[in-house]
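Protein chains in written order, with my numbering: chain H, 1 to 802; chain P, 1001 to 1233.
Wrong hints could be hidden among the right ones.
What the hints assert, rightly or not - A few chain H residues facing chain P, derived, Cβ under 10 Å:
1. Arg305
2. Ala388
3. Phe428
Hints listed in this document are in silico derivations from the structure and should not be mistaken for laboratory results.
Cβ atoms here follow ideal geometry from the backbone N, Cα and C, with glycine treated the same way.
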Amino acid sequence: MEKSYSMNTAFKKVWRDLWRNKGRAAMVILSITVGVMAVGMVVSGNQLVIGQMARSHVQSNPAHGMLWLSGVIGEDTIQSLKNVPGVADLEGYAEASVHWKTSLEGEWQDGHIISYPDFAKIQFDQLILKEGSWPQADSIAVEQAHIASFGAPGLGDTVYFEINDRARPLTVGGAIRNPFEWPRPFGQNAAFYVTPDAFQHIAGYHGYDRLRFTLTEYNEDEVFHVADRINEKLKKIGISVGYKEAMHPDEHYLQEMINGVGMVLSVMAVGSLGLSTMLVINTINALIAQQVPQIGIMKAIGGTRRQIASLYLSAIFIYGFLSLVIAVPLGAYAGNAMARWMLYLLNVPATPFEILPGVFALQMLVGLLTPLLVGLYPVLQGVAIPAASAISQTGLGRGHYGRSLLDRLMAGIRGMPRMAALSLRNTFRRPGRVVLTLLTLTISGAFFMMVFSTQYSFEQTVDKIFAGFGYEIQLNFSQYQRIDEVVPLIESRPNIKNAEMWNFSTANAHVPGAMGPGSEYEVFMRGVPSNSPFFEPELTAGRMLSPDDDQALLLNQKLAGKIGVQVGEDIIIDIPGVGDTRWTVVGLVFDLAGRDQNTAFANNEVFDRVVHRVGRAAVAMIETTTTDLESQRAVEADLRTFFEAEGIEISYSAVASEDRAQISAQFSVLTQMLMLMTVLMAVVGSMGLSGTLSINVIERRREIGVMRAVGASSRDVGFIFTGEGLMLGLTSWIFAVPIGLSAGPVFVVKLGEVISFPGIYFPAMHGISLWLGIVVVLSILASWVPARRATRISVNESLAYE
Amino acid sequence: MTNSEWVIDLKNVDKTFVGPAGPIHALRSVNLQVAPGEFVGVMGPSGSGKSTLLNMITGIDRPTNGDVRVIGAQLNDLSENTLARWRGKNVGVIFQFFQLLPTLTIIENVMLPMDFCRVWKPRERPERAIHLLDQVGLADQAHKLPNTLSGGQQQRAAIARALANDPPLVMGDEPTGNLDSKAADKVFNLFEALVNQGKTFMMVTHNVDLASRVPRVVDVLDGELFDNGTSKT
Chain H
1 MEKSYSMNTA
11 FKKVWRDLWR
21 NKGRAAMVIL
31 SITVGVMAVG
41 MVVSGNQLVI
51 GQMARSHVQS
61 NPAHGMLWLS
71 GVIGEDTIQS
81 LKNVPGVADL
91 EGYAEASVHW
101 KTSLEGEWQD
111 GHIISYPDFA
121 KIQFDQLILK
131 EGSWPQADSI
141 AVEQAHIASF
151 GAPGLGDTVY
161 FEINDRARPL
171 TVGGAIRNPF
181 EWPRPFGQNA
191 AFYVTPDAFQ
201 HIAGYHGYDR
211 LRFTLTEYNE
221 DEVFHVADRI
231 NEKLKKIGIS
241 VGYKEAMHPD
251 EHYLQEMING
261 VGMVLSVMAV
271 GSLGLSTMLV
281 INTINALIAQ
291 QVPQIGIMKA
301 IGGTRRQIAS
311 LYLSAIFIYG
321 FLSLVIAVPL
331 GAYAGNAMAR
341 WMLYLLNVPA
351 TPFEILPGVF
361 ALQMLVGLLT
371 PLLVGLYPVL
381 QGVAIPAASA
391 ISQTGLGRGH
401 YGRSLLDRLM
411 AGIRGMPRMA
421 ALSLRNTFRR
431 PGRVVLTLLT
441 LTISGAFFMM
451 VFSTQYSFEQ
461 TVDKIFAGFG
471 YEIQLNFSQY
481 QRIDEVVPLI
491 ESRPNIKNAE
501 MWNFSTANAH
511 VPGAMGPGSE
521 YEVFMRGVPS
531 NSPFFEPELT
541 AGRMLSPDDD
551 QALLLNQKLA
561 GKIGVQVGED
571 IIIDIPGVGD
581 TRWTVVGLVF
591 DLAGRDQNTA
601 FANNEVFDRV
611 VHRVGRAAVA
621 MIETTTTDLE
631 SQRAVEADLR
641 TFFEAEGIEI
651 SYSAVASEDR
661 AQISAQFSVL
671 TQMLMLMTVL
681 MAVVGSMGLS
691 GTLSINVIER
701 RREIGVMRAV
711 GASSRDVGFI
721 FTGEGLMLGL
731 TSWIFAVPIG
741 LSAGPVFVVK
751 LGEVISFPGI
761 YFPAMHGISL
771 WLGIVVVLSI
781 LASWVPARRA
791 TRISVNESLA
801 YE
Chain P
1001 MTNSEWVIDL
1011 KNVDKTFVGP
1021 AGPIHALRSV
1031 NLQVAPGEFV
1041 GVMGPSGSGK
1051 STLLNMITGI
1061 DRPTNGDVRV
1071 IGAQLNDLSE
1081 NTLARWRGKN
1091 VGVIFQFFQL
1101 LPTLTIIENV
1111 MLPMDFCRVW
1121 KPRERPERAI
1131 HLLDQVGLAD
1141 QAHKLPNTLS
1151 GGQQQRAAIA
1161 RALANDPPLV
1171 MGDEPTGNLD
1181 SKAADKVFNL
1191 FEALVNQGKT
1201 FMMVTHNVDL
1211 ASRVPRVVDV
1221 LDGELFDNGT
1231 SKT
């Protein structure tokens, strides 16, 4: 019989020990896998997203600046603006809101049309034709991402646009990707691309109301300088620059936000790696504890510390290596899937599947080095046990139980059923192991509660903001209407509780005396009736408007921060057609409306007077008698039909709860990612618990045998181990609650900074009880396998020596 | 015989363990000299200090006081690693509960000390292990795992392992204590054969019959050693 002995006998022991304890080996391997996979997923997902965003951004030949105009300019003006000092090149296009539907019987939906003179020759932020043809005289194109997302018509379908109160059909001949259009939940409504002639036909005007330009060399300050110069030049023809934005040519305009999200996810990935590490420490400790007699024998037959340590470190290396075999492809797959999803949300073309060499190297390093580093201490400790002590570790009662204060405290608890007392005392028998297991479960629980509270806080904050504005339906009329005529008309319709008229105007704001680039900020002015029952915004500083206030303003806190103005200070607002007006900021409000939260509120009576439109307004805010979304939509549709029949054109309408749902969906993108990481942590936590209990079963085989010998049934033995699992789970919950609650506000603030949303912290009590339920279920599940294993131990087997 | 010629030379060896109930004197002023080729039996009741005495001689444990000199080495002075290597080469240890590594086959268990101490070239190790197993009548069981063998067979495998590096001294801690009388007899015959080959053998035993076949028996009582006979050397 020929046998190969090429492998060192000692290393055969490593391999066979690993194989003999497959369950435990699987536990260690899976623990390392979860951590290494989380790191791989987050880092590769992040890198793929950021890399592809940058590539796609650069490929589109990005403009350095983007301007929205208050009016329409022609080709001549475009040519003359190219001569503005600092402008390297400039391009105009047009964008307008539309109503569209896909069948004559369907309801009108909000959308927008975009027009370029020649789509194939766009200079900046180029569009990509994905299918079909560019917009032509007899066909239009649709934003590809909006076909699925907003139910926009696909190639060859017909779309009806509302033109002069009638539905006009057009055929969709192409699908386009526009880097500045996003699908739900970040996109607002569907985009269509049309020729200038079609644009004029649908929107009623010809020309350009949007500009993109480049400088010879990008410089953010210079972009705003040039924007000011363009503004000065356009003012001469009665047009001004409204919104302006500088865009870095090498960085995607959302990169900062993605970096922030990536950072939060990375922290959580490192957290789950940390938890995995604790699990590895626990298991290695147990492995060594179980191997102590064998260590003694190996020492007795001539093995040195170094030789024996290298055996166990080799085992750990194998664990790490095997975990990499699973974690690398899984992490790469999950990272690519995450990247595809995020890129889809940002309307950036997906990348083909890729394993990033840097991430691979990082995973190798983390997967091999981390377990070795954390295993080093228990291994060295284990092999340092003197041979005499190692060999003598057999039989019951050789441990140290009963010497520590904790043991004595546990033993001092009287009046418990014997089995429950046994569970309780066993639970805290190995304090080091218990601490690590509790730490893993506690951190998982605290993260769960934190993420739950974050989601809840964001939801509550948005609810609070929407509640502050009270209305349920908003109708924007194309023309200013007499308030005393329109309000009774609205209130005459069914299911209307009450209505009031607001005035909206886009203006520019600056602090008195401020001049030059960057000093002016776009502001959305809203005139609100001083007796409005709807308007109760979330004040963050100062006071509410009073009916006696003259030129007093409530300013969005974010805009106030950007402008650098505080409560009690004055601000100059340049209103188109009126000029500079001076207002006093009496309060700051938290409001999500406007572009990047740039709203300001004044008494409508005062604002009407300032803009010379007394008694007239274009925006109706309506409260209904219904509460559900469908009924509110029906009221909205009725109002549109009614006013159309009356010959009063409505340019825009919205149901507040739909906007509310869209904002909620935007937050859920982030909170879902955070929840995914939390689930990973919970998996690690429950694996830790299961591992600890399995180790306890292994270590207490003899004890189980004795219990069996004195009459314990399988149910009794199972009860003891399930009891231990539950005890640990519940204890971790008790610790997790205060940690989760106290870390929650900090997390909400930090995450709010990353995504520019200063959420108000609301502790999610239902998250706390939900985690209690989860931890109980996890504990029972995690105890099930070890408890079952314990019940199968026979008296003979457990009392026999190896 | 000079000091350096004794295989075992213990002088005034004390060993005290400190337990929760206070110090326990496992060995008190023990003096023992064993010549090369001697077969020595150690007897005494449970807890008398027999195993501690063996642990002193094998270097598995260290004395609280006194000198332990075995095969010319002053064990008190050696570091743990040097002791392990020294033990692997010079002392074969046989335990009551065999203590074979459960995940290694019988032949691999026998080769393990050779791997640790590198006394034999790697390619010679399997041949030597088979030779040793043949000596104890287990060559046909070489590739089986320990748990598939009977107690007597496992103990014979443990003897083969103890002889792996051809040590001059073999120590047995109740090596027949866990065997039936037939198996114990077989194993004892092996010990006698080893002594006949020139090995020095020392074993702790409770078995009075077997002890009667040992030329020299020392008794340990409450940590004190009483030498009852001299060997034929």
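Going through the hints against the structure:
{"no.": "1", "hint": "Arg305", "verdict": "holds (6 Å)"}
{"no.": "2", "hint": "Ala388", "verdict": "holds (4 Å)"}
{"no.": "3", "hint": "Phe428", "verdict": "violated (20 Å)"}
Consistency note: the structure conflicts with earlier hint 3 alone.
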